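2 protein chains.
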Amino acid sequence: MPRLKLVVAYDGTAFAGWQSQTHRNTVQDTLERALHDICGTRARVHGAGRTDAGVHALAQCAHVDLPSRRLSSASWTSALNATLPATIRVLRSRFVSPEFHARFSATGKTYRYRIWLGPILPPLELNRVWHIPKPIDFERLIAAGAVFVGKHDFAAFAANRGKKGESTVRTIWELKVRKKKSEATIEISGDGFLYKMVRLMVGAMVQAARGKLPAEEIAEQLRIGRAKRARYVAPASGLYLIKVWY
Amino acid sequence: MPRLKLVVAYDGTAFAGWQSQTHRNTVQDTLERALHDICGTRARVHGAGRTDAGVHALAQCAHVDLPSRRLSSASWTSALNATLPATIRVLRSRFVSPEFHARFSATGKTYRYRIWLGPILPPLELNRVWHIPKPIDFERLIAAGAVFVGKHDFAAFAANRGKKGESTVRTIWELKVRKKKSEATIEISGDGFLYKMVRLMVGAMVQAARGKLPAEEIAEQLRIGRAKRARYVAPASGLYLIKVWY
Numbered sequence: 001m002p003r004l005k006l007v008v009a010y011d012g013t014a015f016a017g018w019q020s021q022t023h024r025n026t027v028q029d030t031l032e033r034a035l036h037d038i039c040g041t042r043a044r045v046h047g048a049g050r051t052d053a054g055v056h057a058l059a060q061c062a063h064v065d066l067p068s069r070r071l072s073s074a075s076w077t078s079a080l081n082a083t084l085p086a087t088i089r090v091l092r093s094r095f096v097s098p099e100f101h102a103r104f105s106a107t108g109k110t111y112r113y114r115i116w117l118g119p120i121l122p123p124l125e126l127n128r129v130w131h132i133p134k135p136i137d138f139e140r141l142i143a144a145g146a147v148f149v150g151k152h153d154f155a156a157f158a159a160n161r162g163k164k165g166e167s168t169v170r171t172i173w174e175l176k177v178r179k180k181k182s183e184a185t186i187e188i189s190g191d192g193f194l195y196k197m198v199r200l201m202v203g204a205m206v207q208a209a210r211g212k213l214p215a216e217e218i219a220e221q222l223r224i225g226r227a228k229r230a231r232y233v234a235p236a237s238g239l240y241l242i243k244v245w246y
Numbered sequence: 001m002p003r004l005k006l007v008v009a010y011d012g013t014a015f016a017g018w019q020s021q022t023h024r025n026t027v028q029d030t031l032e033r034a035l036h037d038i039c040g041t042r043a044r045v046h047g048a049g050r051t052d053a054g055v056h057a058l059a060q061c062a063h064v065d066l067p068s069r070r071l072s073s074a075s076w077t078s079a080l081n082a083t084l085p086a087t088i089r090v091l092r093s094r095f096v097s098p099e100f101h102a103r104f105s106a107t108g109k110t111y112r113y114r115i116w117l118g119p120i121l122p123p124l125e126l127n128r129v130w131h132i133p134k135p136i137d138f139e140r141l142i143a144a145g146a147v148f149v150g151k152h153d154f155a156a157f158a159a160n161r162g163k164k165g166e167s168t169v170r171t172i173w174e175l176k177v178r179k180k181k182s183e184a185t186i187e188i189s190g191d192g193f194l195y196k197m198v199r200l201m202v203g204a205m206v207q208a209a210r211g212k213l214p215a216e217e218i219a220e221q222l223r224i225g226r227a228k229r230a231r232y233v234a235p236a237s238g239l240y241l242i243k244v245w246y
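From first to last, the protein sequence lines are chains A and B. For what it's worth, the numbering used here labels the leading residue of the first sequence as 1, then goes sequentially. For what it's worth, the numbering used here labels the leading residue of the second sequence as 1, then goes sequentially.
The hints are simulated quantities; they were obtained by calculation from the structure and are not laboratory data. Mixed in with the good hints, there may be bad ones.
The list makes no distinction among identical chains, and a pair is therefore deemed to hold if it is satisfied within one copy or across any two copies.
Below, in silico cross-link-like pairs of lysine-lysine (DSSO-like), each with a Cα-Cα straight-line distance of 27 Å or less [unchecked claim]:
| id | residue 1 | residue 2 |
| --- | --- | --- |
| 1 | K176 | K228 |
| 2 | K243 | K181 |
| 3 | K180 | K151 |
Only a predicted model underlies this, so the values are computations on that prediction, with no experimental measurement involved.
Hey, can you work out the whole structure from these sequences and the hints?
Shown next as C-alpha cells:
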C-alpha cells in the first residue's frame, strides 16, 4: 500500500481538534471522510500530533496508506482539496517510504503563539489570538520564556499524566519572543511536546509578565515536576502548529 | 444634542453590509441597536460611506447624535464594545462639533484590496482575500492601476447610475500595488468613490493582468464613461476600508 505524506493547514475555530472522536467534527475525521469519498474505502490518517479544539495549523503533517497508486501525489492534493471544506487545505503531498511515520518519525515541532495586547481586539483577530487587554511586562515575558530553553522534565507542564513509565523529559531548542505594535508572538521549537504543554508554558510566561509568578518558580516547577503543576492554561485560539521537523 | 464621532472596525463576513436594511443584519443596524440598548432611545448612525456585504473595515467612520452628554467618549467606547458583537469594535470615539458630518465632512478615503495568488488558499485567509489560483502578470497589474491615478470621470466604474446630475468625477490621489510572497495588495486613496468603484477598478486591473483587457481600454473607459462600462467586479471579501480622511 503506497504511503502518502500530507502537509495540512486548518482554521481550528470550527473543529473539535485534530484527533478523531465519535460524532465529533474533527480534522482527522474530516480528512478520513474526504479520502473515503474519493477512493470508496476507509483509510486511517495518522497525524504528527494532536491539536486541541480551536488550535490552528499552518503545516500539520500526516500520513495515510492508500488502497492503490492510481493517482499521482499532485492529483491526491487536488482531489482532497476539491472534497474538503475550505477550512482545511492540503498544502502538498508526496509518496514516502513505508518506514515513514508522521508521528514517530518526527524529530521536533515548532509552535507559534499569538497574543494581542491592548484594550480592544480587532474583529479580524477574533479566534486567532489570546486577547490580553491590560498591559504586561514584556521583559518579564522574555525572561520567563528563557527558563524553558534546554532539556527539562516538563511533567509540571502537562495536562494529563501520560502513560506510566513514559518520559516527560523534553528539549526546547529555541523560544523566541517578538513584539510588533500590539502583537506579541512566541515561537517555541523542541523535540516534542506533552499534552497542552505549549499552552501551559505560555500561560506561565504571561502570569510571570503580570507579576504573578516569579521566573524562579517556573524554574522550580521544572525541577520538582509533577508535584508542582502549572495551573494557568493559555487559550487555544492563539496557538498555531507551524512546522513538524523530520 | 452632543455629536459623537466613532471609528469602527468590523469583519464584514457575517454582515449584509454597512447600510441599514429592513430585517437585515447590517453593521449600521447593529450599532443602532447597541445604542438603543445603552440609552433607551433611537439614534441614527451616519457612516462615512456604505460598504457592501462581505467588505471589511479597519477604520470606518461614523457619527451619531446622542440624547445626553451623560457619558464621556471613553465610556461610550467601552459601553458600545460591551454591547456589540465581537465582530464589530469601536476603536475610539470623541465628541465633535455639530458641523462635523461623517459623510459630508470626509475629504477622502483609502481602501485596501488583498489578492491571494497561488493554487491553494490558506484556510485562515478564507473570506479575507480574492483567491486567484492561476498566475497573473504582475507588471500588467501595476500598469493598469497607474491608468486610474488622477482626476477622471469614473461613470464607467460605478455599478448604478447615481442621482441625476450628480458628478461622477473623482480624483484618485494614489494607487499602490505591492507583492509579498503569495499576496498582492492594492491600496487606493482618493477624494471619493462611486458605488462598487474600487471593486470594478480592481476587477479591471486583474483582467488586464490576465491579458484579457489592454490598459488602453481602461483609459478609454475613463474617457467615454457610462457608454463603456466596466463589467468585471472583484469579490467583496478582499476589500477593506482602511481610512477616512477629514
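Against the structure, the hints come out as follows:
In the homo-oligomer, the alpha carbons of K176 and K228 lie at most 27 Å apart inside one protomer (25 Å), although the nearest pairing across protomers, at 55 Å, exceeds that limit. For the identical chains of this complex, K243 and K181 are neighbours both inside a copy (25 Å) and across copies (18 Å), given an alpha-carbon limit of 27 Å. Taking the closest pair of Cα atoms, K180 and K151 never come within 27 Å of each other, the shortest separation being 29 Å inside a single copy and 37 Å across copies.
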